[in-house]
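Engineer: Just so you know, the protein sequences line up as chains G and C, in that order. Counting from 1, one number per residue, gives the positions in the first sequence under the numbering used here. Counting from 1, one number per residue, gives the positions in the second sequence under the numbering used here.
Derived from the structure by calculation, the hints contain no laboratory data. Careful: at least some of the hints might be erroneous.
With beta-carbon atoms standing in for the labels, derived distance ranges [to be verified]: (1) C:Thr23 - G:Ala293: 42 to 48 Å; (2) C:Ser35 - G:Pro289: 32 to 38 Å; (3) C:Asp113 - G:Lys199: 52 to 58 Å; (4) C:Ser35 - G:Asn81: 24 to 30 Å; (5) G:Gly15 - C:Gln122: 44 to 50 Å; (6) G:Ala122 - C:Asp113: 54 to 60 Å; (7) C:Val66 - G:Phe250: 38 to 44 Å; (8) G:Gly329 - C:Glu105: 48 to 54 Å; (9) G:Lys309 - C:Lys22: 54 to 60 Å; (10) G:Thr320 - C:Glu56: 38 to 44 Å; (11) C:Glu13 - G:Lys199: 54 to 60 Å; (12) C:Ala119 - G:Leu205: 22 to 28 Å.
Okay, derived cross-link-like pairs now, SDA-like style, lysine to any residue, Cα gap no bigger than 25 Å in a straight line [stated by the list, open to error]: (13) G:Lys308 - C:Thr68; (14) G:Lys199 - G:Ala32; (15) G:Lys17 - C:Ser35; (16) G:Lys343 - G:Lys199; (17) C:Lys76 - G:Gln330; (18) G:Lys125 - G:Lys199; (19) G:Lys308 - C:Ala94; (20) G:Lys17 - C:Lys76; (21) G:Lys199 - G:Lys309; (22) G:Lys17 - C:Lys18; (23) C:Lys52 - G:Ala32; (24) C:Lys76 - C:Gly2; (25) G:Lys309 - C:Pro45.
Where is the CB? At the ideal position from N, CA and C, for every residue including glycine.
So the chains spell out like this:
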Amino acid sequence: MLKRTPLYEKHLALGAKLVPFAGWEMPVQYPAGIIAEHLAVRTSAGLFDIAHMGLIKVEGDQALPLLQRALTNDAARLNVNQCQYTVACNEHGGTIDDLFLYRLPTHYLIVANAVNTDKALAWLKNLAGGQGVSLADNDCMLSVQGPQAAAAVGKALGVDLGGLKHNRVLGWRDLVLSRSGYTGEDGIELIIAKKDAGKVWDTILTAGVQPCGLGARDTLRLEAGLPLYGHEYDEETSPLDAGYAWAVKFDKGDFIGKQDLLNGPKKYLVGIELEGRLIPRQGHSVLRPSSLAPLGIVTSGTYSPTFKKPIALAYLTTATTDVVVDIRGQMVPGRVVDKAFYKR
Amino acid sequence: MGNFPGELKYSKEHEWVKVEGKTATVGISDYAQDSLGDVVYVELPAVGKEFKAMQEFGVVESVKSVSTLYAPVGGKVVARNEALNDHPEKVNTAPYGEGWIMKLEMSSPADLDALLTAADYQKLIQK
């Protein structure tokens with residue numbers, strides 16, 4: 001039985017197409033379609049139901065030592081009402097999950113990928129000896145992304161977000177608002193009580209924001225070169241491999257995975273721009289042009305709505321510039337570029 | 001849901017066929033285009049190439065997935081819709097009109113007997 005977010009009925013009423021995703025029944029697109037939703041986020045603002053994301057509360061006087069041991073980034077650098085990208089690694093430096101960590105006035109809150117929530121929760125509880133780690137399952141998240149996102153949320157909720165900086169948090173009434181996101185755009189993410197989700201959703205839509213599904217969320221994050229667990233991350237792949245050396249703080253003391261991570265990356269995540277119109281997909285081989293010697297593998301690929309051409313993220317083991325991608329037997333020429341295809 | 005003209009025949013793989021004499025025009029159904037979402041590339045078959053019924057003749061790529069196209073009837077390709085190279089979205093906006101994919105000269109009109117009527121096709125997709 002698939003789980004449903006508090007916004008399930010809203011999605012049906014909007015005519016969304018619902019698909020299974022990580023055990024949840026989620027909107028992949030609304031009638032506007034993935035390309036229109038994607039472009040709305042690049043040019044104005046889009047609203048995403050991300051209530052499938054896991055929220056894990058960490059509290060008590062052992063919270064900070066636990067987070068320092070469990071996560072690669074330095075949680076001690078967070079002041080109250082700040083947030084940071086971080087990663088939970090296994091003993092071998094592979095990735096258990098990539099996470100977003102909030103320091104709120106009374107506790108820490110970890111945002112986990114839906115597909116990994118149970119795994120991350122069990123792992124943290126085990127490390128904590130059962131103390132101070134729990135699922136915050138009365139709350140959920142919404143995300144509003146795009147150049148008009150802060151203005152639209154501000155107008156809809158009657159709060160001034162103009163001064164809220166990147167990775168900063170504002171507690172306002174019953175809401176937690178942060179300037180953050182997963183699209184390469186400016187944006188606001190909201191942590192709200194599940195019982196209020198429908199009301200807040202409707203209020204933000206009324207401000208003229210486009211509802212957006214997981215399809216556009218994927219194309220947006222891919223254009224921005226942002227990794228997705230199950231594609232760019234898995235238990236064998238480290239945050240250094242994924243290009244997140246800045247989120248691995250070797251100077252903070254000991255943490256799980258540190259010894260292996262000290263050996264550095266084993267492969268490199270790159271962007272590839274392809275000629276023609278065939279679209280590279282996860283698992284396609286990346287080869288050297290004339291010899292067709294293997295260079296790596298595509299982890300994500302799509303048609304880029306912004307650049308109107310096929311793009312891919314791929315892991316390579318050798319630095320190079322020109323490649324071909326084997327798309328169902330057709331050798332399609334491509335060029336290695338910075339994985340952040342899109343920068344605002 | 002969707003639009004399924006009664007004068008067309010449909011395959012279980014969601015292609016449609018319009019028959020005019022020995023010529024069969026082929027495209028994908030309204031249900032197929034809606035399921036795929038935004039179509040961004042259609043791999044067209046070479047003119048002159050011959051296909052058997054239910055043989056793969058190309059692919060259609062949407063933003064999120066790739067789907068194989070199957071020839072609903074056997075025959076030789078006599079035309080392909082070059083306009084889809086620049087405007088693959090016509091498959092979404094006009095699946096039975098400007099979004100047609102190829103025209104075949106049928107080798108065996110009996111292949112048509114294996115196809116579904118609009119009513120039977122709608123029953124299939126409602127399952």
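Engineer: None of the hints should be skipped; say for each whether it holds.
Structural biologist: Status of each hint after checking the structure:
no.: 1; hint: C:Thr23 - G:Ala293: 42 to 48 Å; result: 47 Å, holds
no.: 2; hint: C:Ser35 - G:Pro289: 32 to 38 Å; result: 36 Å, holds
no.: 3; hint: C:Asp113 - G:Lys199: 52 to 58 Å; result: 56 Å, holds
no.: 4; hint: C:Ser35 - G:Asn81: 24 to 30 Å; result: 44 Å, violated
no.: 5; hint: G:Gly15 - C:Gln122: 44 to 50 Å; result: 20 Å, violated
no.: 6; hint: G:Ala122 - C:Asp113: 54 to 60 Å; result: 57 Å, holds
no.: 7; hint: C:Val66 - G:Phe250: 38 to 44 Å; result: 42 Å, holds
no.: 8; hint: G:Gly329 - C:Glu105: 48 to 54 Å; result: 27 Å, violated
no.: 9; hint: G:Lys309 - C:Lys22: 54 to 60 Å; result: 39 Å, violated
no.: 10; hint: G:Thr320 - C:Glu56: 38 to 44 Å; result: 33 Å, violated
no.: 11; hint: C:Glu13 - G:Lys199: 54 to 60 Å; result: 44 Å, violated
no.: 12; hint: C:Ala119 - G:Leu205: 22 to 28 Å; result: 38 Å, violated
no.: 13; hint: G:Lys308 - C:Thr68; result: 22 Å, holds
no.: 14; hint: G:Lys199 - G:Ala32; result: 22 Å, holds
no.: 15; hint: G:Lys17 - C:Ser35; result: 9 Å, holds
no.: 16; hint: G:Lys343 - G:Lys199; result: 33 Å, violated
no.: 17; hint: C:Lys76 - G:Gln330; result: 23 Å, holds
no.: 18; hint: G:Lys125 - G:Lys199; result: 33 Å, violated
no.: 19; hint: G:Lys308 - C:Ala94; result: 21 Å, holds
no.: 20; hint: G:Lys17 - C:Lys76; result: 37 Å, violated
no.: 21; hint: G:Lys199 - G:Lys309; result: 38 Å, violated
no.: 22; hint: G:Lys17 - C:Lys18; result: 29 Å, violated
no.: 23; hint: C:Lys52 - G:Ala32; result: 37 Å, violated
no.: 24; hint: C:Lys76 - C:Gly2; result: 30 Å, violated
no.: 25; hint: G:Lys309 - C:Pro45; result: 21 Å, holds
Checked against the numbered hints given earlier, this structure breaks hints 4, 5, 8, 9, 10, 11, 12, 16, 18, 20, 21, 22, 23 and 24; the rest are met.
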